[in-house]
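J.: Chains A and B supply the protein sequences, listed in that same order.
Numbering follows the numbering used here, with no gaps: position 441 of the first sequence is 662.
Numbering follows the numbering used here, with no gaps: position 133 of the second sequence is 354.
Keep in mind that a hint or two might mislead.
Which copy is meant is left open, because identical chains are indistinguishable; a pair holds if it fits in one copy or across any two.
Unchecked claim - Simulated pairs of lysine-lysine, BS3-like, Cα-Cα distance not exceeding 25 Å:
| no. | residue 1 | residue 2 |
| --- | --- | --- |
| 1 | 408 | 728 |
| 2 | 245 | 235 |
| 3 | 553 | 443 |
| 4 | 540 | 365 |
| 5 | 245 | 728 |
| 6 | 235 | 443 |
| 7 | 235 | 408 |
| 8 | 728 | 553 |
| 9 | 730 | 553 |
| 10 | 772 | 730 |
| 11 | 235 | 298 |
It should be emphasised that the hints constitute simulated quantities derived from the structure, not laboratory data.
Number of protein chains: 2
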Amino acid sequence: MYQAPTSDMLFVMKELAGLEAIAKLPGGEDATPETVEAVLHEAARLCGEVLEPLNAEGDRNPSRWESGNVHATPGFKVAFRQYVEGGWQGVQHPQEYEGQGLPKLVGTPCVEMLNAANLSFALCPLLTDGAIEALLTAGTEAQKQRFVPKLISGDWTGTMNLTEPQAGSDLAAVRTRAEPQGDGTFKLFGTKIFITWGEHDMAGNIVHLVLARTPTAPEGVKGISLFIVPKFLINEDGTLGARNDVHCVSIEHKLGIKASPTAVLQFGDHGGAIGQLIGEENRGLEYMFIMMNAARFAVGMQGVAVSDRAYQKALAYAKERVQSRPVDGSAKAAVSIIHHPDVRRMLATMRALTEAARALAYVAAGESDRAHGDPDEAARARHQARYEYLVPIVKGWSTELALEVTSLGVQVHGGMGFIEETGAAQFYRDARILPIYEGTTAIQANDLIGRKTLRDGGAAARALLADIAQTVDALAGQQGAAFESMRRHLALGREALASAVNFVLAKAKSDPNAVFAGSVPYLKLAGIVLGGWQMARAMLASQRLMQTDPKFHGAKIATAQFFAQHVLPQAVALEVAIVSANGSEGVLALAEDQF
Amino acid sequence: MYQAPTSDMLFVMKELAGLEAIAKLPGGEDATPETVEAVLHEAARLCGEVLEPLNAEGDRNPSRWESGNVHATPGFKVAFRQYVEGGWQGVQHPQEYEGQGLPKLVGTPCVEMLNAANLSFALCPLLTDGAIEALLTAGTEAQKQRFVPKLISGDWTGTMNLTEPQAGSDLAAVRTRAEPQGDGTFKLFGTKIFITWGEHDMAGNIVHLVLARTPTAPEGVKGISLFIVPKFLINEDGTLGARNDVHCVSIEHKLGIKASPTAVLQFGDHGGAIGQLIGEENRGLEYMFIMMNAARFAVGMQGVAVSDRAYQKALAYAKERVQSRPVDGSAKAAVSIIHHPDVRRMLATMRALTEAARALAYVAAGESDRAHGDPDEAARARHQARYEYLVPIVKGWSTELALEVTSLGVQVHGGMGFIEETGAAQFYRDARILPIYEGTTAIQANDLIGRKTLRDGGAAARALLADIAQTVDALAGQQGAAFESMRRHLALGREALASAVNFVLAKAKSDPNAVFAGSVPYLKLAGIVLGGWQMARAMLASQRLMQTDPKFHGAKIATAQFFAQHVLPQAVALEVAIVSANGSEGVLALAEDQF
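Could you build the full structure based on these sequences and the hints that come with them?
T.: Below is the structure:
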């Protein structure tokens with residue numbers, strides 16, 4: 222059973238992400254220690270007791286398409302009612318639209334738990350969050366009043382409609398048309414694919430946010446607008462009206478997250494799907510990016526969540542399964558496999574990566590809260606820049622490592638891991654979408670280079686490097702092998718990251734292929750070093766707090782030491798691939814026809 | 222469609238594995254260049270035209286259990302007849318038992334093609350090969366005459382029955398009983414699980430090789446004997462007799478290789494399954510290890526095979542799928558995605574890992590041939606030691622990298638990769654068993670440390686290190702960035718491997734937990750350095766041969782350069798995890814109850 226790691230969550234929130242300071246910011250007043258603990262424990266209960274038991278069922282008995290309707294896995298609809306009635310959809314959203322108005326830092330562990338319990342289920346609230354963000358960002362007051370409370374109450378859910386068959390990573394290629402009707406509404410025509418929870422029976426209406434082009438729009442990304450297209454039209458009094466002309470023609474047969482229906486939506490086959498513009502014409506991509514930063518962060522949390530779930534399952538098996546004598550001859554009988562060094566190495570890898578990714582993501586959430594709430598304008602800008610720098614790393618690194626962690630989860634189970642009924646394989650399959658959707662790892666890496674490193678001349682990156690240097694100094698003040706290992710490898714990792722940043726800044730104009738050939742290695746390098754930095758900060762905090770809980774803090778220091786010795790050294794290898802290799806040489810030396 | 226990479230196969234066989242010299246050894250006479258090319262091209266045809274088209278069908282329509290019988294995927298039975306009638310089961314087996322008697326080096330590319338085309342199908346011949354090896358190793362002449370020709374002709378197939386519910390990695394825990402009947406036969410009682418192709422309808426009989434204990438057997442691994450238990454008993458005249466008391470009670474529902482039935486076999490529920498001993502009582506594990514070296518090598522080839530198949534599929538998609546403009550602004554329109562640097566990096570990674578793993582495996586096959594055929598006894602021993610050192614690396618490294626390569630194969634496809642109909646996901650699922658069965662990667666790593674490094678005091682490892690040093694010197698004699706990169710990173714990798722070997726030798730007795738905590742990192746380090754060594758040898762050969770085929774040899778040098786810059790640098794990071802971390806500290810600092 223899934224046990225939410227509330228101790229580690231609270232430790233990270235308080236000691237690394239600055240919960241106390243964030244609670245003092247305007248809008249953070251409700252995040253008292255008591256409230257936060259109560260929220261986390263209540264979320265843990267719902268996720269562990271209600272949502273997790275439906276996870277395997279969703280895999281065995283996926284969402285099912287029938288004559289244009291999609292039936293969710295049995296049990297999901299009732300669970301969804303429990304979820305929204307508990308107020309969980311509104312945790313991070315403003316109180317004026319019926320949300321709870323809690324900081325993102327407090328919402329983040331709730332998101333983690335939800336995804337750890339049931340990745341497929343969690344996608345419905347995740348996409349609804351995205352729709353709410355878009356409406357709050359660019360909607361009129363009337364639009365916000367009309368849609369947001371209904372989305373928070375779960376009467377309706379939301380979707381994001383970006384992808385078309387010819388327009389995946391490249392939104393410039395979007396072709397869906399939006400024709401103005403003269404009455405302020407538009408009629409939309411086109412096909413959208415890969416629409417998560419694009420059709421289902423868990424709520425009374427579905428609010429599709431759709432990228433489309435008006436007839437006068439310029440070509441490319443500067444001619445894309447954002448529209449609201451509800452499944453059922455909404456009457457003036459807010460009640461549901463006629464069925465709109467958007468229909469689900471099929472759902473995909475997928476490797477994982479099978480309970481989450483991935484819809485092909487057809488707009489306008491019967492006269493046109495009626496929609497309304499959000500914000501200004503041709504600024505749709507800009508709004509989408511605001512919303513995507515939130516969605517990308519949430520997908521990064523999915524990576525943390527499924528990693529933790531896979532770790533918990535593997536750990537339980539390793540403590541239970543008895544096989545072989547210990548290699549050190551300390552027992553004559555077979556022992557539980559957690560006593561075998563390589564099983565322990567695998568578990569430590571899973572744990573260290575998960576804890577580091579969690580810490581980095583929560584710290585990013587805290588930056589977002591400060592970017593909104595800090596009374597000082599310059600400070601807000603600094604926090605926003607740091608949050609934006611971290612988002613592609615949280616998304617890209619946490620999801621890539623989820624592949625490794627869920628794979629190790631299978632491996633710990635041995636042959637049983639390959640048997641579907643065991644359940645470890647589901648996490649492995651489910652996790653595989655994470656580095657793909659909401660922008661592949663390469664798209665995150667391009668964002669990290671283009672918008673997040675080059676645009677500010679490396680300022681956000683260098684501010685982070687300066688902070689890491691301070692942590693390296695603080696480590697030097699501590700005794701013992703664990704701190705010495707971390708000091709050494711964090712310092713080497715910091716140098717590697719600094720070198721990669723300099724390379725990106727120096728070469729982006731003169732040799733873009735060289736820089737972009739190293740883009741994913743740069744993202745991974747940044748993830749490893751920034752994750753290692755959080756583990757270093759964590760071990761310093763644990764050293765200070767040791768007496769309060771020797772078991773927890775001792776484990777944290779040991780896990781940090783493992784990260785320093787087994788994960789951080791990879792930074793230097795990545796630097797070689799980016800910098801010494803001059804990025805492109807090895808990658809681009811092969812001509813297309815030589816592949 | 223699968224196109225066997227015959228150019229690279231022949232290059233590796235001739236330039237790296239010494240085909241010409243092996244053809245001059247006793248027993249190698251038939252391996253003339255013309256014969257070898259003909260064999261490879263014929264195998265390529267069969268695999269590409271007959272077996273590969275059945276691969277997706279096997280995934281959609283797996284083997285099916287019904288009242289104790291297992292029906293293979295439609296089409297498999299006919300294809301199996303074609304396979305055995307072409308003589309493919311006997312390629313590597315002696316002519317005196319109706320085999321073709323070709324060197325292992327020539328059989329190996331055939332094994333690769335078979336597995337690349339259809340991993341599930343290929344498992345049936347793979348297990349039959351194992352049974353043949355066991356019979357040839359330990360069987361009486363009568364047993365060989367009775368069983369081997371029928372196994373080579375495909376009238377019968379073979380299985381290996383090791384695992385029991387409580388005895389997976391730990392064969393000491395085997396409980397299946399074998400009771401002597403006084404007439405030279407035994408009756409077997411017990412349950413075996415995870416028996417690949419343990420029941421099916423593709424052949425007239427199934428020859429189970431079963432590990433079991435006689436009543437007087439000592440405890441543990443020294444009390445295990447090996448038995449032949451055919452599904453149908455065999456009359457004196459060689460015709461099939463009564464149905465034996467071994468029954469398939471179920472097959473598993475698996476993550477991948479779904480067409481390959483994984484059987485639970487019940488022995489003796491109706492009076493006892495009649496079997497005969499192979500070789501001497503209580504020496505079963507020893508025979509099994511001989512056979513397992515062959516089977517483990519073959520599973521390593523499965524890793525190479527599915528990696529190549531995933532690469533070919535991703536490459537075809539990358540050349541076809543058009544998305545986004547190039548980052549260097551060289552075109553105003555969207556281009557095929559192979560023009561994007563990160564897609565090219567992914568493809569280069571897939572290609573470099575696959576080529577290196579292929580080269581290392583073929584070189585190992587050549588060592589096996591020399592170990593059998595070299596006229597000089599000391600030379601035979603040296604080649605045998607090298608082959609045995611390489612087997613766990615070929616098995617462990619090639620299968621672990623297959624996870625990375627098949628995962629990249631999904632990633633190159635973007636969202637389409639997650640849709641089952643695309644086919645990339647099948648390779649990802651299928652590959653996941655490879656680092657588990659025939660001994661997990663940890664079991665391979667324990668073998669590498671225990672039997673292959675410690676037992677000879679590091680002699681085999683040091684002989685390899687000396688040969689690598691010679692290649693480093695040869696690289697220094699070449700001009701250009703590619704050779705300089707390889708020289709630098711192969712030298713660093715060699716030092717890292719030497720350091721790990723010294724650590725293993727120095728600490729195994731005094732601190733076995735420290736050594737075994739670094740066992741899998743040591744195996745991966747050895748794979749990376751030895752694979753890199755083969756890429757270095759390949760680039761030297763390609764430089765010499767450049768004029769004969771500039772496109773092929775230019776690609777080889779560029780791929781080797783990529784390996785040097787993107788893969789070899791990981792060796793240094795692994796050395797830190799093994800040596801500087803003193804193996805155990807980070808891994809074992811966490812007590813069981815702190816996990």
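J.: Hints first: check each against the structure and report whether it holds.
T.: Evaluation of the provided hints:
no., hint, in the structure
1, 408 / 728, "neither (46 Å within a copy, 74 Å between copies)"
2, 245 / 235, "within (13 Å within a copy, 72 Å between copies)"
3, 553 / 443, "between (71 Å within a copy, 15 Å between copies)"
4, 540 / 365, "neither (51 Å within a copy, 45 Å between copies)"
5, 245 / 728, "neither (43 Å within a copy, 54 Å between copies)"
6, 235 / 443, "neither (42 Å within a copy, 57 Å between copies)"
7, 235 / 408, "neither (50 Å within a copy, 66 Å between copies)"
8, 728 / 553, "between (61 Å within a copy, 22 Å between copies)"
9, 730 / 553, "between (65 Å within a copy, 17 Å between copies)"
10, 772 / 730, "neither (51 Å within a copy, 31 Å between copies)"
11, 235 / 298, "neither (35 Å within a copy, 63 Å between copies)"
Checked against the numbered hints given earlier, this structure breaks hints 1, 4, 5, 6, 7, 10, 11; the rest are met.
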